[in-house]
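Chains W and Y supply the protein sequences, listed in that same order.
Sequential numbering from 0 applies to the first sequence in numbering that gives the first Met the number 0.
Sequential numbering from 0 applies to the second sequence in numbering that gives the first Met the number 0.
Accuracy of the hints is not assured; some may be wrong.
To be verified - Covered stretches of chain W (in silico footprint by chain Y; criterion: 3 or more residues with CB under 8 Å from a CB of chain Y, positions within the stretch not fixed):
1. 154-160
2. 186-199
3. 253-263
To be verified - Anything over 12 Å on all C-beta distances counts as not near chain Y; from chain W, calculated:
4. Ala38
5. Thr102
6. Gln409
7. Asp414
If you are wondering where the hints come from, they were derived from the structure by calculation, not from laboratory data.
No residue lacks a Cβ here, since even glycine has one placed at the ideal position from N, Cα and C.
Protein chains: 2
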Amino acid sequence: MSGTAPSPKRQKTAPPKKKQVPLAKDADIVLKKVRELKAAMAKPSYKKGPSVAAALVGGAPDAPLPKDQVMEVKNMSNPDVQEKMEKFALDIAKQVIEGRGFTFAVPSRAASNQHYDKSLDRIVLGNNQSSRNFVNVSQARKTAITTRVMQLIHTILGKGIHITKRDLFYTDVKLFVDQSESDGVLDDVATMAGCTRSNLNVVASDKGLVVGRVQFLEDGDSIDCTRMGVGGKAIPPYIDKITDITSDAEFILLVEKDAVYMRLAEDRFYHRYPCIIITAKGQPDVATRMFLTRLKAELGIPVMGLFDSDPYGLKIMSVYMQGSKNMSYDSANLTTSDIKWLGIRPSDLDRYDLPEQCRLDMTKEDIKTGELMLQEPFVKNNPLWVEELTTMMETKQKAEIQALSSFGFQYISTDYLPRKLREGDWV
Amino acid sequence: MSGTAPSPKRQKTAPPKKKQVPLAKDADIVLKKVRELKAAMAKPSYKKGPSVAAALVGGAPDAPLPKDQVMEVKNMSNPDVQEKMEKFALDIAKQVIEGRGFTFAVPSRAASNQHYDKSLDRIVLGNNQSSRNFVNVSQARKTAITTRVMQLIHTILGKGIHITKRDLFYTDVKLFVDQSESDGVLDDVATMAGCTRSNLNVVASDKGLVVGRVQFLEDGDSIDCTRMGVGGKAIPPYIDKITDITSDAEFILLVEKDAVYMRLAEDRFYHRYPCIIITAKGQPDVATRMFLTRLKAELGIPVMGLFDSDPYGLKIMSVYMQGSKNMSYDSANLTTSDIKWLGIRPSDLDRYDLPEQCRLDMTKEDIKTGELMLQEPFVKNNPLWVEELTTMMETKQKAEIQALSSFGFQYISTDYLPRKLREGDWV
Numbered sequence: 000m001s002g003t004a005p006s007p008k009r010q011k012t013a014p015p016k017k018k019q020v021p022l023a024k025d026a027d028i029v030l031k032k033v034r035e036l037k038a039a040m041a042k043p044s045y046k047k048g049p050s051v052a053a054a055l056v057g058g059a060p061d062a063p064l065p066k067d068q069v070m071e072v073k074n075m076s077n078p079d080v081q082e083k084m085e086k087f088a089l090d091i092a093k094q095v096i097e098g099r100g101f102t103f104a105v106p107s108r109a110a111s112n113q114h115y116d117k118s119l120d121r122i123v124l125g126n127n128q129s130s131r132n133f134v135n136v137s138q139a140r141k142t143a144i145t146t147r148v149m150q151l152i153h154t155i156l157g158k159g160i161h162i163t164k165r166d167l168f169y170t171d172v173k174l175f176v177d178q179s180e181s182d183g184v185l186d187d188v189a190t191m192a193g194c195t196r197s198n199l200n201v202v203a204s205d206k207g208l209v210v211g212r213v214q215f216l217e218d219g220d221s222i223d224c225t226r227m228g229v230g231g232k233a234i235p236p237y238i239d240k241i242t243d244i245t246s247d248a249e250f251i252l253l254v255e256k257d258a259v260y261m262r263l264a265e266d267r268f269y270h271r272y273p274c275i276i277i278t279a280k281g282q283p284d285v286a287t288r289m290f291l292t293r294l295k296a297e298l299g300i301p302v303m304g305l306f307d308s309d310p311y312g313l314k315i316m317s318v319y320m321q322g323s324k325n326m327s328y329d330s331a332n333l334t335t336s337d338i339k340w341l342g343i344r345p346s347d348l349d350r351y352d353l354p355e356q357c358r359l360d361m362t363k364e365d366i367k368t369g370e371l372m373l374q375e376p377f378v379k380n381n382p383l384w385v386e387e388l389t390t391m392m393e394t395k396q397k398a399e400i401q402a403l404s405s406f407g408f409q410y411i412s413t414d415y416l417p418r419k420l421r422e423g424d425w426v
Numbered sequence: 000m001s002g003t004a005p006s007p008k009r010q011k012t013a014p015p016k017k018k019q020v021p022l023a024k025d026a027d028i029v030l031k032k033v034r035e036l037k038a039a040m041a042k043p044s045y046k047k048g049p050s051v052a053a054a055l056v057g058g059a060p061d062a063p064l065p066k067d068q069v070m071e072v073k074n075m076s077n078p079d080v081q082e083k084m085e086k087f088a089l090d091i092a093k094q095v096i097e098g099r100g101f102t103f104a105v106p107s108r109a110a111s112n113q114h115y116d117k118s119l120d121r122i123v124l125g126n127n128q129s130s131r132n133f134v135n136v137s138q139a140r141k142t143a144i145t146t147r148v149m150q151l152i153h154t155i156l157g158k159g160i161h162i163t164k165r166d167l168f169y170t171d172v173k174l175f176v177d178q179s180e181s182d183g184v185l186d187d188v189a190t191m192a193g194c195t196r197s198n199l200n201v202v203a204s205d206k207g208l209v210v211g212r213v214q215f216l217e218d219g220d221s222i223d224c225t226r227m228g229v230g231g232k233a234i235p236p237y238i239d240k241i242t243d244i245t246s247d248a249e250f251i252l253l254v255e256k257d258a259v260y261m262r263l264a265e266d267r268f269y270h271r272y273p274c275i276i277i278t279a280k281g282q283p284d285v286a287t288r289m290f291l292t293r294l295k296a297e298l299g300i301p302v303m304g305l306f307d308s309d310p311y312g313l314k315i316m317s318v319y320m321q322g323s324k325n326m327s328y329d330s331a332n333l334t335t336s337d338i339k340w341l342g343i344r345p346s347d348l349d350r351y352d353l354p355e356q357c358r359l360d361m362t363k364e365d366i367k368t369g370e371l372m373l374q375e376p377f378v379k380n381n382p383l384w385v386e387e388l389t390t391m392m393e394t395k396q397k398a399e400i401q402a403l404s405s406f407g408f409q410y411i412s413t414d415y416l417p418r419k420l421r422e423g424d425w426v
């Protein structure tokens with residue numbers, strides 16, 4: 000084989016020396032503010048503000064469910080999930096041998112089974128179950144799909160590989176017919192096994208980026224996100240391949256827009272204000288949400304959100320915070336309930352004297368969405384959000400984060416963000 | 000400041016030793032095929048097959064333009080572009096002082112000015128120019144926009160930073176009104192200065208990923224794409240920050256779909272078959288196209304394309320190969336004319352016995368697009384493409400790359416691609 004080994008095109012240059020960039024001059028004020036927030040968050044008396052999760056299931060929290068009535072999935076190891084699949088198969092065989100046909104008990108993910116648990120401050124599933132019976136004509140097909148998905152999951156877990164939902168669909172198009180069928184059953188199988196959907200090694204796609212003060216191992220490769228150039232590192236769809244997370248960051252900056260991420264990455268904002276910068280480029284995918292949740296859990300540092308000042312920006316922020324109802328069985332791994340809204344808030348438009356020409360008129364669609372959001376319990380319950388959203392609705396003006404460019408292209412990293420952080424101006 | 004310096008949360012683990020993964024057993028056959036192709040490509044007698052560029056301007060090539068009648072931009076250094084902007088300003092001042100108002104001569108990017116140069120095998124712009132006169136009422140606004148954009152470009156070049164098109168728009172919303180106005184003028188300014196649009200330091204956004212056997216410096220950070228875990232490295236929007244590219248890859252695998260990239264990255268396909276794997280996740284952005292063009296130019300290795308077998312996949316491949324008409328003044332930096340179509344080709348459906356249920360019926364829209372493409376000179380000129388597309392239109396079947404999952408999730412990396420490469424089955 001030696002004759003066929005490719006020869007290097009050119010000698011690799013020696014790795015450049017690590018840059019030593021000092022913190023910003025006002026970093027001590029910023030760090031004091033951020034550390035105060037962190038200390039406050041660590042106290043049992045800390046109030047996060049009204050929960051967004053509570054609102055999702057309709058305002059007032061239900062009476063807390065007894066622990067044995069809560070259906071909540073756990074992170075499980077690959078062999079444990081495999082064993083679960085084998086148990087399902089054995090159980091099917093037993094039922095068939097006993098002449099009972101076969102039936103799956105599937106945890107119900109219906110709205111009526113979603114409860115807000117105040118102590119956990121999350122939506123949890125109750126233990127209602129529905130049955131899926133192969134000998135029932137109306138359920139036979141779905142039962143077959145469920146069984147086939149279990150078999151496929153068992154195969155990929157055995158190989159230790161990950162696949163996409165689309166790959167899964169394509170292994171048996173004839174049976175699944177439509178991808179939504181196999182996608183839906185995936186969530187069923189996860190709740191049945193009591194594991195997260197990611198534990199099934201089936202992923203959607205990745206679109207998140209990370210740059211800044213965090214290091215980790217990814218599938219054994221050592222990744223240092225302070226040395227990822229100006230483009231940063233792609234957040235992998237397989238979060239379980241990330242281990243050994245270390246960081247000297249004091250906060251996480253969660254950015255809605257790609258363009259803002261690019262600005263902060265090029266300016267290497269994280270050198271001057273020790274942070275980790277993350278974006279999912281708009282609507283967040285599961286991998287980015289999980290990555291954020293893990294960083295928050297492992298590092299215990301505050302998360303600051305930077306979103307457009309419009310109803311859509313608010314919606315995206317709410318997905319990071321409360322997640323989607325459909326994935327409520329795994330809310331623990333997907334949501335970061337305590338994100339501080341740093342900017343751009345509707346009140347910023349006047350406070351930062353945003354020029355008239357950078358304020359955009361809200362469209363009819365925007366106004367409609369804004370009005371609907373004002374009715375939503377999850378906004379209603381949060382006085383500061385109501386205040387901000389009311390300002391937006393009264394002025395009928397919205398603004399993108401990039402509108403700050405009117406003060407200079409680097410204004411956001413040299414003035415806006417440092418001032419916000421120094422003043423602790425988050426809600 | 001020492002009191003405020005963040006303290007590491009945890010000791011960084013020692014970097015793991017470099018994995019030594021041997022090449023695949025059949026790698027010698029594959030490398031022989033690929034090297035033969037590379038050697039053939041290096042010969043002056045090498046025929047790339049009918050040019051797609053020729054077709055873009057309508058079939059037969061024009062008589063070659065004399066060199067002094069070709070308007071082609073060059074990669075220019077930051078100070079050189081700054082100097083150009085200063086010259087424009089001086090020229091304006093001179094005209095105004097002389098009482099002539101002021102006028103810009105702008106290279107025409109109209110279709111009538113696009114010529115196919117056979118020796119270059121690219122579309123080039125002729126030296127037709129239009130004038131933009133500030134004292135002409137109908138041209139005053141556009142002239143003002145042009146001047147303002149020049150001023151802003153001069154500013155960002157002076158700071159040595161990059162901005163997005165959206166940022167540029169937001170610096171003067173009142174003047175630009177619509178982003179398409181400032182975007183369009185950017186191309187004008189680039190052609191006027193004779194530099195690429197990227198030289199203006201204005202970028203769109205990044206969405207490309209790269210993994211595999213390539214190393215480079217990105218803004219001084221040493222990046223090794225064989226050690227980027229399973230997610231890979233984000234291709235930065237600022238390609239000029241990439242320097243010192245080295246590689247021991249023998250070919251580049253250009254992948255349409257994110258999901259296929261993820262499969263190959265997790266399988267670390269590049270260890271067994273020495274290659275670089277790139278995706279732009281669908282329709283390619285400028286940064287990914289530039290990155291591919293640079294890799295091809297600097298490394299001189301063949302590019303293999305892996306696309307869906309449908310009219311849309313063909314369209315995406317054509318963007319990598321021929322680019323967009325609008326950017327024809329910079330076709331040299333954006334197009335990779337010689338991409339080999341590896342798969343999935345319509346003829347693969349039968350040759351690889353793709354199960355019936357994985358073949359999708361073409362929609363009316365697909366059939367219409369396919370019919371239109373068969374009329375396009377750029378397809379017509381290429382007999383092998385006509386053959387493939389005719390097969391598609393006759394069977395009225397399409398297939399996504401993921402359809403290969405029906406043979407097993409890793410079939411693409413263990414069987415399909417190795418066989419294709421061993422047999423030199425590309426067109």
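Results of checking the hints against the structure:
Three residues within the 8 Å Cβ limit are the bar, and the region 154-160 of chain W against chain Y gives 4, so the coverage statement holds. Remark: the region 186-199 of chain W is not confirmed as covered by chain Y, as 0 of its residues place a Cβ nearer than 8 Å to a Cβ of that chain, below the required three. For the region 253-263 of chain W, the stated coverage by chain Y is satisfied: 4 residues place a CB nearer than 8 Å to a CB of that chain, which reaches the threshold of 3. Distance check for W/Ala38 against chain Y: the nearest CB is about 15 Å away, which clears 12 Å, and the non-interface claim stands.
At roughly 28 Å from the closest C-beta of chain Y, the C-beta of W/Thr102 stays outside 12 Å, upholding its exclusion from the interface. Not every CB of chain Y lies more than 12 Å from the CB of W/Gln409, the least distance being 6 Å, so the non-interface label is violated. Once the 12 Å rule is applied to beta carbons, W/Asp414 is consistent with being away from chain Y; the minimum gap is 15 Å.
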